[in-house]
Amino acid sequence: MSTTAVEPQYKVLIGMEIHVQLATKSKMFTGAANGFGGEPNSQVDPVILGLPGVLPVINKRAVEMAMMVGLALNCDIAAQTKWDRKSYYYPDLPKNYQISQYDQPLCGPGSMELPLSDGSSKTVRIRRAHLEEDAGKLMHEAGMTESLVDLNRAGTPLLEIVTEPDLNSPEEARLFGEELRRICRYLAVSHGIMQQGHMRFEPNINLHIYHNGKTIKTAITEVKNLNSFRSVERACGYEIQRQLAEFLANPDVTPSAVKSTRGWDDDKGMTLLQREKEEAHDYRYFPDPDLVPLHVAPHWVSDIRAGVVELPIARRKRYQEQFGMSAKEAFSLTEERDVADLFDRAASLGAPVRRLTNLFLGPAAKMANEAASAEAATVLISDLPVTAQQYAKLAELIESGGISATSAVPIFEYLVKNLDADPAEAARELGLVQVRDQNQTEAWVMQAMAANPQAISDFKNNPKKKQASLGFLRGAVMKASQGKADPKLVGEILEAKLNAASQES
Amino acid sequence: MINELSAVEVRDKIAAGEVTAVAAAQASLSAIAHGDGQLHAYNAVFADRALQRANAIDQARAAGKPLGLLAGVPIALKDNLCTTFGATTCSSKMLKNFHSPYDATVVKKLEQAGAVILGKTNLDEFAMGSSTENSAFGPTRNPWKTQCVPGGSSGGSAAATAARMCAASLGSDTGGSIRQPASLCGIVGLKPTYGLVSRYGLVAFASSLDQIGPMTRCVEDAALLLQVIAGHDPLDSTSWPEPVPDYLSDLDKPLEGVRIGLPAEFSGEGIEPEVSSAIAQAVDFYRSQGATVVDVHLPHTKYGIAAYYVIAPAEASSNLSRYDGVHYGHRTGRPENLFDLYAASRAEGFGPEVQRRIMLGTYALSSGYYDAYYLRALRVRQLIKQDFDRAFEKCDFIACPTSPTVAFELGAKSGDPLQMYLCDVFTVTCNIAGIPGMNIPCGFSNSGLPIGLQILGPTFSEQRMLRLARMYEKHHNWHTRKPKISESQAV
Chain A
0 MSTTAVEPQY KVLIGMEIHV QLATKSKMFT GAANGFGGEP NSQVDPVILG
50 LPGVLPVINK RAVEMAMMVG LALNCDIAAQ TKWDRKSYYY PDLPKNYQIS
100 QYDQPLCGPG SMELPLSDGS SKTVRIRRAH LEEDAGKLMH EAGMTESLVD
150 LNRAGTPLLE IVTEPDLNSP EEARLFGEEL RRICRYLAVS HGIMQQGHMR
200 FEPNINLHIY HNGKTIKTAI TEVKNLNSFR SVERACGYEI QRQLAEFLAN
250 PDVTPSAVKS TRGWDDDKGM TLLQREKEEA HDYRYFPDPD LVPLHVAPHW
300 VSDIRAGVVE LPIARRKRYQ EQFGMSAKEA FSLTEERDVA DLFDRAASLG
350 APVRRLTNLF LGPAAKMANE AASAEAATVL ISDLPVTAQQ YAKLAELIES
400 GGISATSAVP IFEYLVKNLD ADPAEAAREL GLVQVRDQNQ TEAWVMQAMA
450 ANPQAISDFK NNPKKKQASL GFLRGAVMKA SQGKADPKLV GEILEAKLNA
500 ASQES
Chain B
0 MINELSAVEV RDKIAAGEVT AVAAAQASLS AIAHGDGQLH AYNAVFADRA
50 LQRANAIDQA RAAGKPLGLL AGVPIALKDN LCTTFGATTC SSKMLKNFHS
100 PYDATVVKKL EQAGAVILGK TNLDEFAMGS STENSAFGPT RNPWKTQCVP
150 GGSSGGSAAA TAARMCAASL GSDTGGSIRQ PASLCGIVGL KPTYGLVSRY
200 GLVAFASSLD QIGPMTRCVE DAALLLQVIA GHDPLDSTSW PEPVPDYLSD
250 LDKPLEGVRI GLPAEFSGEG IEPEVSSAIA QAVDFYRSQG ATVVDVHLPH
300 TKYGIAAYYV IAPAEASSNL SRYDGVHYGH RTGRPENLFD LYAASRAEGF
350 GPEVQRRIML GTYALSSGYY DAYYLRALRV RQLIKQDFDR AFEKCDFIAC
400 PTSPTVAFEL GAKSGDPLQM YLCDVFTVTC NIAGIPGMNI PCGFSNSGLP
450 IGLQILGPTF SEQRMLRLAR MYEKHHNWHT RKPKISESQA V
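Chains as they are written, first to last, in numbering that gives the first Met the number 0: chain A, 0 to 504; chain B, 0 to 490.
For the record, the hints were derived by calculation from the structure and aren't laboratory data.
Keep in mind the model is a prediction, meaning the values are calculated, not measured.
Note that CB positions come from ideal geometry on N, CA and C, so glycine has one too.
Incorrect hints may appear among the rest.
Distance windows between CB atoms, simulated [claimed, not checked]:
| id | chain 1 | residue 1 | chain 2 | residue 2 | range |
| --- | --- | --- | --- | --- | --- |
| 1 | A | Arg124 | B | Phe338 | 38 to 46 Å |
| 2 | A | Gln194 | B | Thr83 | 37 to 45 Å |
| 3 | A | Trp299 | B | Thr83 | 34 to 42 Å |
| 4 | B | Ala346 | A | Glu16 | 35 to 43 Å |
| 5 | B | Gly137 | A | His280 | 35 to 43 Å |
Taking the hints into account, I'd like the entire structure generated from these sequences.
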């Protein structure tokens, strides 16, 4: 975009609006099933269709799920909240008004601690979070002169979360979305499947440009309906460059104070103007007379608070402090709550945590990855048929020297294929019980040395290659033993033999 | 003649085997066949279905099965109550061919109690009006004088009940739509406390004001129907969660030491002298029965109509936005685009009064006008509620006219919306405050038209209110008078 030589100093301000579909059994205001897919218009009832005479009834579980997210984001939970009608005409909205919460949201101000890529974290303020109902979908099929309406999605509970403009880069915007998804999955309020629209993002972006001793604020743009983290990051990046270029083209013109709405074209990688806010709808909000205000008793909030599980950020900290993991390890293990729960169960059985960590991030992660298929796009470690007890025993076996670390891989594979197998028996079955017999180990060492004269010569004559050739030979011994040799004993014998050989010459 | 019996009488005779439910249904159907050509009280009559249902009641009785509270009673429904049988039109071109896939909660309750539903009655389109002239299918006429309106919006139910074309009926009341036509047709009409009767399946006009209630020829029938239709409904968040009291057992027991309030604001200018004197005589009667009569003040009554005509249209503008030609209801022929589809479907489907109120309501809710209209109307609503709260500290019930006038001629007010709106001057505050109100016949004008007494009470006072009404009814026979239209029939 901009080709101007001198880029001015500027600060990026991004605030996010996020719609999270809540994974309740039934819809926001009626008993119709809340599920993805199915034949068009199969998950509807008279309330969803907006037929004459129907009335909404609040889904208590949706309120509870919204409260859970609110509590996880340190929001104030309102003692009284109400429901408002937001009016606009569109064929995917059968009543031509959406039931939402206008001026008394369920969740008031809060904050989230957002982990950043450099290992630090920052606080992102949450402005509010409120409940509303989703709309249906319009389908425009090629060659058809009419549009079709599918109302399966209509009435799905939506939690709309609004942040303050505390995100200062496209990367932070993406990281925020990812962390929010993790939190929602931890709380089991959303499956967080982006392809199915479980979470939709609308960043509000502008720049504070420092120009001639003044701060110029560019007009805020809202990018609508982004449904992947990548598009959030790209759209924010694009908008920053676009706004900067617009400023540079006319640096002395005061930017408009009017917010505009833009759409994201993922193929072209650019945003397009949809409408200026001044031509925006008058939504004619007013309290929905069909619904009574909801009084939230303090004991209800405390009951829900008790159900808010340990969140990813707390868990990461605990794994680093309690288990001595690296930030990266802690991040990987806490990505999914089920995996972390499994890890915690295995650790609570007294398994050595270092071995456990290596098992999870090594063979378990590898097998889970390989198990992913067309039917199951993602397979988690916790989806593998290996129990906490098996993990604990296997880790114990490595720690005690019963098997070598390298043998853990085939043993783990065995456990996956043979339900409820005992790791020690698996080691015997596979012939991977570690051998510490002096003579046998010496025989493997001799076998490896005989097969690799060049390495021995390097060890003797080339100081630069001394360590490398030692490592190579150690590997060759382990290979000759089919992984059964005790690496420590191998090292001792190998070094003794090599040193002796060096002195001989 | 069976069709002239009250609901309780016909129910008891069927239970006793003196008449059959089929005969009762036939009697009503024959009265309809005879008189409804003149009155047009009904939008639709379900003769075959009614006779089948009646026959099922007779068979159940023959088999010794327990019978419901309304077993065999022929009932008419206002055509804004959703039924899976027949269309639910709201007397609008918009819903002329709309068939509901579900039954309103009150319809289910009636049928579970054994009621035989005869048909759906005419109304002002979407219940907006006070004369039933705003029906897309033509007006209903008053059985006492067919040049006159029956009142509205439940004019069809009122006329059918007065003309003995059903034993009883249901209406809906948003600003007086049960009580005012009951008054003009000389029958009993009860608007229950907001929340006592489920609104699920009542096509919404103004959600915070709408209530369904009985329209009957005697107080006992009103108690009986209310007994059946009242009660909590999990499908209506605004329905009252408490158990329903017994309205019938103590009905004949007079209220002792009852205090009746007379509000100065409900008398004077605009009230026909014959109406005033009939009300005064009714109050004298209560005094003679030991009631204390006290003056009360409802100082914000004068703002009632203004507040009502902001709140009700505001809610209506939102409630009626679903009729857009997209999913169901009237759709224009060849729309050029989406906006045209909406605009033309609604312009063709809605009559002028409905369009007027949608525009009023849309304006009142618009950005920049909301505070001045809607919010201010809500404040008036609070003040009117307070007025009643204070008044009911001094009295148990309030007595006043239901309508300032007896029935007027067709066309007399239809050209002047404001004159028409003033028909509701004594009835709207009851809806605004959410309290119960009831009309009982209390006289006739020299021209032979009925006059009605309105009784207003505190929330959930229906049990005692019905007893108060019954006290009067026991000593008067206005309610037994029959309009000419019902006289020349024979079964």
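Starting from the hint 35 to 43 Å, judge whether the C-beta atoms of Ala346 (chain B) and Glu16 (chain A) obey it. Check passed, 36 Å falls within 35 to 43 Å.
Given a hinted range of 34 to 42 Å, is it respected by the beta-carbon distance of Trp299 (chain A) and Thr83 (chain B)? holds, 38 Å
Within 38 to 46 Å or not, the Cβ separation of Arg124 (chain A) and Phe338 (chain B)? holds, 40 Å
Does the Cβ distance between Gly137 (chain B) and His280 (chain A) fall inside 35 to 43 Å? holds, 38 Å
So does Gln194 (chain A) sit 37 to 45 Å from Thr83 (chain B), Cβ to Cβ? At 40 Å between Cβs, range holds.
Of the numbered hints listed earlier, not one is contradicted by the structure.
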